[in-house]
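*Asks:* Below are the chains, spelled out letter by letter.
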Amino acid sequence: MDSSWDDLTLTFSHTSMFPFFDIAHYLVSVMAMKHQPGAAAIARKNPVSSWLTAMLHCFGGGILSCILLAEPPLKFLTNHTNVLLASSIWYIIFFCPCDLVSQAYSFLPVQLLAAGMKEVTRTWKIVGGVTHANSYYKNGWIVMIAIGWARGAGGTIVTKFEQLVKGDWKPGGDEWLKMSHLFLYLGDYEYCSNEFGSTDVFRSASKLTMLGSVIFTFQHTEHLAISKHSLMFFYTIFLVTAKITMMMTETSSVTLGPFEDTLSRMLFGWQKQFSWCETKLSSNGTGSSASKPVPDASQNVKKKHNKKTE
Amino acid sequence: MDSSWDDLTLTFSHTSMFPFFDIAHYLVSVMAMKHQPGAAAIARKNPVSSWLTAMLHCFGGGILSCILLAEPPLKFLTNHTNVLLASSIWYIIFFCPCDLVSQAYSFLPVQLLAAGMKEVTRTWKIVGGVTHANSYYKNGWIVMIAIGWARGAGGTIVTKFEQLVKGDWKPGGDEWLKMSHLFLYLGDYEYCSNEFGSTDVFRSASKLTMLGSVIFTFQHTEHLAISKHSLMFFYTIFLVTAKITMMMTETSSVTLGPFEDTLSRMLFGWQKQFSWCETKLSSNGTGSSASKPVPDASQNVKKKHNKKTE
Amino acid sequence: MDSSWDDLTLTFSHTSMFPFFDIAHYLVSVMAMKHQPGAAAIARKNPVSSWLTAMLHCFGGGILSCILLAEPPLKFLTNHTNVLLASSIWYIIFFCPCDLVSQAYSFLPVQLLAAGMKEVTRTWKIVGGVTHANSYYKNGWIVMIAIGWARGAGGTIVTKFEQLVKGDWKPGGDEWLKMSHLFLYLGDYEYCSNEFGSTDVFRSASKLTMLGSVIFTFQHTEHLAISKHSLMFFYTIFLVTAKITMMMTETSSVTLGPFEDTLSRMLFGWQKQFSWCETKLSSNGTGSSASKPVPDASQNVKKKHNKKTE
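Residue numbers (the numbering used here), protein chains in the order written: chain A, 23 to 332; chain B, 23 to 332; chain C, 23 to 332.
Read the hints as simulated data drawn from the structure, not as lab findings. Possibly wrong hints are sitting among the right ones.
Pairs involving identical chains hold if they fit within one copy or between any two copies, as the list cannot separate such chains.
[Stated by the list, open to error] Simulated crosslink set (EDC-like; lysine to aspartate or glutamate; CA at most 20 angstroms straight-line):
| id | residue 1 | residue 2 |
| --- | --- | --- |
| 1 | 229 | 282 |
| 2 | 229 | 244 |
| 3 | 160 | 93 |
| 4 | 160 | 283 |
Let's have the full structure, built from the sequences with the hints guiding it.
*Replies:* This is how it looks when you write it as C-alpha cells:
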C-alpha cells in the first residue's frame, strides 16, 4: 500500500482516546446501566452504590484484566482524570433535571454515534491488552488472547457478577444455561439492557472481540504479515460497521454466521453421521440438563455403571 | 497545643494493638459470628469450617485490602501469633463448657468495653491502610481512601460474601436492594447479627469509617494542617463515643445525620424543584425495581425509545 | 534404610508427571465433569463454555493456589503443552463418535488405574505447593499447609464456585450446610459426580490431602527426620491404597476414622460431660440452623440479651 495510505492508518492508530471516545464509552455504559430496572431509584436512595456500579460498568474490562494478571483491581482509580470524567457523566446522566440526557440519548442517531465511537475504544483496548499480556508472558499467546478479550469486552462479566451478587439477576430455569454461556457473553452489555437485540447480539459482539483478540495476537507474534496500524484501521472499520448494522437491523446473524457454522460443523458436527449411536447420549444429556436434579442424574449414571460392570 | 498534650497524643498513637485490643477485636468478631443462627451447631459438626469462618470474621479487612492491592490473601496467616490468638479465642468461645464466655459477654458493660477497644483498632487499621496504599501509589488518593476504608471496615463484605456463597443469607425481595447497598455496609457486622440496631447502624458506622479514611488520606497528603497522632487521638475519641452512644441508645441518626442531609440535598436534591418532570422517571424507576423482571423493564424502555423515534 | 531402597524411592520421586499421569488426571477430571447432568448438551450448544469448564476442572488446583498467592490465575495457560493435552482429551471425551471413551471409561479397572495415577499427581502437587509457598514465606508454615492443600485438592472448590455462579448447583435447604463445609470438600470431585461415595468420601479424601500437606510441610521445615523422596513414596502408596479401597468398597470410614474420632473427642468432645448445661445451647443452635431465618434468630438473641440485662 502506498505511503499516503500508510500515513493515514498510522495517524489513525495514533488517535488519542482520551477526551471524546472515552466520553462516548462512559456515556454508552452508564446509559446501559441506567436502563436496568430500578437503577434510577437506587441512584436516589444510595448514590455511592450507584456510583460504584457505574465505575464497574465503565472500567470493568480493565478491572477484569487486572484480576486475571494479578494486578491491583483498584489500578483504574489511579487515573484520576478518567475517574472524574466517568463520575461526572454518571452524575449528569442520573441527576440531570428532567432527565434531559436520557431523552437526548434516546434518539437513534445519537446512539449510533456513541456506539460507533465506543467500538473504536474497543479496538484500542484489545491492542492494549494484547501488548500488556505480552509484556508479562513472552509468546504466551493463549494469555495474550485471553487478556485482549477480557479488556476488550470484559465490562460485561464484571457487571454480570455484580448483578449476581446483588441478587438483581438470578440465574435459574434456562437462565443458568445462559449463565453457563457467560464466558461467551463478554459482549455488548448495553444491548442486553435496552434490548436492541437478543443474546445472539451478545454472542456475535463477543465473538467479534474474540476474533480481534486472536488477530492482534497473531499480528503481535508476527504470524500475520500486516502492520499493526493498518490492522487496527481495518478491524475498527469492521467493528463499527458490524455494530451499526446490528443496531439498524436488529439481526446479528449478518456477522460471522457462515464462518462459524462451517467451523462448528467441521469441529463438532462430523459425529452427526453416527446418528444411530448418538441418540442415547444426546437424549440422556438434554433430559438431565432440562429437569433432573443432580442426585437423580448421578444415580442413573451409577446405574449405567453397574449395568456395565455386571 | 502545648508539648505535654502533644506528648500524650504521641504516646497514645504509639500504643501497641497487640495483646489487648486485638483480643477485644477477635472477641467481638467471633461473638458476632456465634450469634448467627446455627453457628454453634456448625462448630460442633465441622470445626474446620467454623474456624475458617472465624478467621474470615477476624481478618476480613486485611484480606479484602490484600485482594484490592493484589497481595496474597493468605498474608495474614504469616502472622502466627495473631492467628493463634484468634484461634484460641474462637476455641474458648465455641467450646467453653456451659458456654461461660457467651454468658459473660451478654452483660452490657463487657460489650461496651470490647466494642470500644475494637473501635480503637479500627483507627489503627485505617491509618495502616492509607499508609500502605500510599506506598503503592504516590498521590493515588482515591486508592488510599478505598484501602483505608476496606481495611478499616472490610470484615463485613468478606463475611457477607462468605454467607452469600454458603447460601446462608440469600438476597431476595427487598434484600437485593440492601445487597446493592453492600458497598455501604462495610460497617459493624456484629450489630447486624446481635441486632443492636438496624441497617442505619451499619451505614452510619461504615460512613464513620469512610469519613476517617478520607480525613487520614487528606492528612497524609498534607491537605490537613494537623499532626497524624493528634488526628488519631481525636478520631478515636469520636469513634468510641459514637459507638458507645449507638449501643446505649439504639439510634444511629446521632452521627453525621445533619451533615449528610445537607450534602445529599446539595448534590442530589436540587433537582426536586423540577418535580413536574421528575414524576414519570421516579415512578418508572421505583416500579420496575420493585416488581418487574428484566425483560419487561427493558421492553418498556424499548417502547419508550420507539415512541421517541416515531 | 539401605542404599538400593533409597535409590528406588529417589528414582520414584524423580518420575515425570508429564505425559501419562497428567493424561490420567485430565481424563478423570473431564469424565467427572461429563457426568454432571447436561454437560453433554452444553458441550454441543456451547463448546467454548464447556471447554472453559473443562480447563477449570483440570487446572483448578493451580488456579486456586495462584489466587491465594496473588499470582496471575491465567498462569496455567502459559504451559501450552498441558493446555493442548487437556483440550484434546476434552475434545475426545465429548465429541468422540458413539461416545466410545465414556464406555471404555465405565469399566471399573480403567477407572481404578486412572484414579490411582491421579492420586500420584496429587502427591506431586502437594509437594510443589508446599515448596512454592515456602519460596514466598520462609517458615510461614500455615501458608505452606494451605497452599499444599489448595494445589493438591483445590480443583473442587473452583468447580463448586463455577457451578454456584452458573446456578447449576444451588445451596439451599441442608445444601447450605454442605456448602458451609465446602472448605472441607477440597476433595475428589469426580466421586461427587459419579456417586462412587457419599460426602464422607469427599471429606476423607480432602482430609488425606490435608494430612499430606501437613506432613510435607513438617518435613520441609525439618520437623520430620525422613528424606522427602521416601516420604513421597510412602504417602503416594498410602493415597493410592486408600483411594482404591474407597472405590472397591464404597465406604470411606476405613481411613483416618479412629484417629479423627480420638482427636475430635480430645479437642471438642470433652465438654460433653457438662451435658446438664449444654442442652440449651445445642438445641438453640440446631433449631435455628435448621429452620429459623436470620431475623427470628437474631431477635431471640436480642430477647436473650434483654433478659440478661434486665
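*Asks:* All hints, please: hold or fail.
*Replies:* Verification of the supplied hints:
no.	hint	in the structure
1	229 <-> 282	within (10 angstroms within a copy, 46 angstroms between copies)
2	229 <-> 244	neither (22 angstroms within a copy, 49 angstroms between copies)
3	160 <-> 93	both (18 angstroms within a copy, 16 angstroms between copies)
4	160 <-> 283	neither (33 angstroms within a copy, 52 angstroms between copies)
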